[in-house]
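K.L.:
From first to last, the protein sequence lines stand for chains A and B. Here the first sequence is numbered in full-length UniProt numbering, starting from 1 and rising by one per residue. Here the second sequence is numbered in full-length UniProt numbering, starting from 1 and rising by one per residue.
If you are wondering where the hints come from, they were derived from the structure by calculation, not from laboratory data. Among the hints, erroneous ones may be present.
Identical chains blur together in the list; that is why a pair holds if it fits in one copy or across any two.
[As the list claims (entries may be wrong)] No more than 16 angstroms apart at the CA atoms, straight line, and that leaves these computed lysine to aspartate or glutamate pairs for EDC-like:
# : residue 1 : residue 2
1 : K95       : E107
2 : K144      : D123
3 : K2        : E41
4 : K25       : D106
5 : K171      : E209
Computed from a predicted model, the values in this text were never measured in an experiment.
There are 2 protein chains.
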Amino acid sequence: MKGIRQLADHLDISIGTVSRALNGKPDVNEETRRRVLAAAEELGYVANQSGRSLRQGETKVIGLMIASSKETVENADNFFLGVTSGLQSVFARHKLDLIMLPCPNDEDPHEYLKRMVARRIVDAMIISETQRIDRRIDLLSRAKIPFITLGRSLSASNATWIDLDFEGVAKRAVERLIARGHRRIAITVPSSEINLGYIFVEGYRHALEQHGIPFDPSLVIRVKSSEQGGYQAAHELLLLEERPTAVILIYELMAIGLYRRLMESGVMPGRDLAVIGFRDAPRSRFLQPSLTCFRMSLHDLGVKLGRMLLANMPAYAEFYSGDGRNTIWPLELVPGESDVFQVAVKA
Amino acid sequence: MKGIRQLADHLDISIGTVSRALNGKPDVNEETRRRVLAAAEELGYVANQSGRSLRQGETKVIGLMIASSKETVENADNFFLGVTSGLQSVFARHKLDLIMLPCPNDEDPHEYLKRMVARRIVDAMIISETQRIDRRIDLLSRAKIPFITLGRSLSASNATWIDLDFEGVAKRAVERLIARGHRRIAITVPSSEINLGYIFVEGYRHALEQHGIPFDPSLVIRVKSSEQGGYQAAHELLLLEERPTAVILIYELMAIGLYRRLMESGVMPGRDLAVIGFRDAPRSRFLQPSLTCFRMSLHDLGVKLGRMLLANMPAYAEFYSGDGRNTIWPLELVPGESDVFQVAVKA
DNA sequence: CTGAAAGCGCTTACAG
DNA sequence: CTGAAAGCGCTTACAG
Chain A
1 MKGIRQLADH LDISIGTVSR ALNGKPDVNE ETRRRVLAAA EELGYVANQS GRSLRQGETK
61 VIGLMIASSK ETVENADNFF LGVTSGLQSV FARHKLDLIM LPCPNDEDPH EYLKRMVARR
121 IVDAMIISET QRIDRRIDLL SRAKIPFITL GRSLSASNAT WIDLDFEGVA KRAVERLIAR
181 GHRRIAITVP SSEINLGYIF VEGYRHALEQ HGIPFDPSLV IRVKSSEQGG YQAAHELLLL
241 EERPTAVILI YELMAIGLYR RLMESGVMPG RDLAVIGFRD APRSRFLQPS LTCFRMSLHD
301 LGVKLGRMLL ANMPAYAEFY SGDGRNTIWP LELVPGESDV FQVAVKA
Chain B
1 MKGIRQLADH LDISIGTVSR ALNGKPDVNE ETRRRVLAAA EELGYVANQS GRSLRQGETK
61 VIGLMIASSK ETVENADNFF LGVTSGLQSV FARHKLDLIM LPCPNDEDPH EYLKRMVARR
121 IVDAMIISET QRIDRRIDLL SRAKIPFITL GRSLSASNAT WIDLDFEGVA KRAVERLIAR
181 GHRRIAITVP SSEINLGYIF VEGYRHALEQ HGIPFDPSLV IRVKSSEQGG YQAAHELLLL
241 EERPTAVILI YELMAIGLYR RLMESGVMPG RDLAVIGFRD APRSRFLQPS LTCFRMSLHD
301 LGVKLGRMLL ANMPAYAEFY SGDGRNTIWP LELVPGESDV FQVAVKA
């Protein structure tokens with residue numbers, strides 16, 4: 001099947017009528033519509049997207065940009081694939097397709113995005129892994145492409161964003177540890193300029209100060225968000241003069257490496273050092289002792305993300321009037337055995 | 001910047017010349033070309049892809065279809081993101097972009113692919129997770145779209161495929177275990193109809209028979225390829241009348257759950273039961289005892305996959321004449337401590 | 001309810 | 001070396 005012309009010739013009607021029938025326009029004879037639909041199905045005709053896009057000025061495709069950096073590959077733990085299902089469940093209602101745009105790791109994300117946007121392959125974009133300063137946001141604003149960011153950014157004053165509740169997680173983790181007598185609480189942050197690290201530390205710092213515990217920069221450990229990073233973090237913890245009694249990890253997979261390094265030194269996680277992780281992932285579910293961490297539904301996050309994006313697109317905004325605001329996505333604490341012990345209070 | 005028309009008006013030349021200049025055609029005055037390039041850069045002009053595609057009959061986009069099923073999300077372990085970097089390094093040479101097409105889990109993969117193909121969003125397709133019988137292959141053949149499958153299939157007689165060396169892995173694992181005295185060797189296979197499970201078992205069976213060990217169907221354990229599946233597999237192993245002394249896992253993450261279940265019963269992996277995993281992933285690198293498994297470079301696999309695909313595309317075939325053949329991708333054994341002990345040979 | 005025609009943004013023979 | 005024009009496959013006012 002070549003195109004609408006062939007289909008029209010085959011049915012001996014005009015291409016205009018074929019188009020109207022296929023697109024569900026009301027002013028088509030029902031019998032005609034049936035014939036068109038049947039023939040399209042039989043001959044496997046589907047409208048060429050380039051033709052449609054050119055005429056309509058829209059592609060019905062939404063792009064999700066992901067940085068396929070080595071870091072992301074090791075860490076993302078299928079975070080994006082998880083979010084995808086939620087996004088698609090929203091987009092499907094409007095016959096919008098989702099495509100994932102992996103930015104090559106040797107290409108500048110800003111240049112990559114610029115190219116994708118200019119080519120008009122998508123009608124709207126979702127960007128993620130927002131940096132503290134993220135020029136992509138200015139780019140999208142200027143291009144007047146509807147977009148949303150998964151992650152806050154200092155550049156995001158003219159963007160709508162959704163982000164995980166990093167402050168809330170840091171705060172709850174700190175308070176939970178303080179309640180068990182901890183005073184020296186370490187925290188790990190990513191070594192990159194990704195914005196979430198800054199927010200995480202701010203939440204941590206604020207929670208400490210609320211409880212009268214001074215912030216000690218030596219307890220903030222910058223490592224990669226990977227098992228190797230966890231191993232490294234444990235190594236650094238063990239070298240600290242006054243060893244902390246607890247550590248909060250920004251990424252749960254780090255716990256695997258952290259446990260390993262601790263055990264090598266005879267330090268038992270959950271007995272000698274309290275550990276709280278961030279997001280619970282299937283991988284870490286079998287850790288021993290089980291990891292106290294925070295859970296969320298990636299599917300639900302995807303749904304909200306999708307709704308928020310559509311709220312920013314004129315053609316769909318009416319259906320999602322309640323979804324236009326910036327959102328902090330809550331996480332639920334999953335208690336484990338890695339932080340159950342009490343610290344003896346010093347006399 | 002609206003389109004080529006604006007840019008041409010701005011430069012006071014015709015759109016034809018602008019197009020030729022931008023596309024590097026030889027018959028353009030160098031000074032003119034410089035002016036056009038500079039103006040395009042300044043005004044941020046990039047050709048609208050729909051216009052190009054419509055005219056040229058190609059999109060310069062390659063699609064990688066992935067099933068975003070719950071299983072894949074939990075298991076894929078960023079396999080696809082890893083392969084992506086290799087693919088892109090090949091495609092970049094020809095200014096081809098890669099997009100990932102995640103099939104919604106409530107949509108039939110065949111229907112999804114049909115839609116994507118018919119819309120002509122991509123010039124060529126890569127499909128993965130091939131099933132034993134996979135109608136997508138017939139669909140792509142009939143649509144005359146260049147494609148390649150990551151994974152063999154019984155349907156693949158008219159397709160070019162690349163696949164991991166499942167037989168080789170099964171064979172080497174079996175032989176390694178036999179050399180250490182094992183006779184009762186269990187194997188896990190996926191519970192789905194994905195073809196690799198069949199190939200894995202065939203390799204296992206063949207290796208056993210070569211060494212005069214009869215194939216025992218009760219040692220083939222069908223479970224999900226996840227940590228939970230590993231847990232379940234261990235559970236079933238422990239229930240077997242004559243307990244096997246070794247197990248080969250088709251997916252390395254299963255080892256986490258398997259270890260856990262074994263330890264709950266006081267069975268020590270690497271001492272009471274030999275374990276060999278499949279692909280080595282960052283997640284399992286910290287297992288104790290360390291897992292004997294097989295390694296490969298996802299990047300290199302992606303490169304080969306990209307080359308093979310281009311070898312099947314008329315426009316690029318000349319550069320990849322040596323890459324057209326079906327390929328079995330080798331894996332390298334990474335010895336660990338999970339299978340080091342010898343089994344006492346029965347008198 | 002249907003057909004004929006315009007035009008979306010490009011690229012590319014064709015003329016000059 | 002450049003311009004004018006055709007046409008890729010659609011959708012959509014417009015006329016009837």
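K.L.:
Out of the numbered hints, which ones does the structure contradict?
P.N.:
Of the numbered hints given earlier, the structure breaks just one, which is hint 4.
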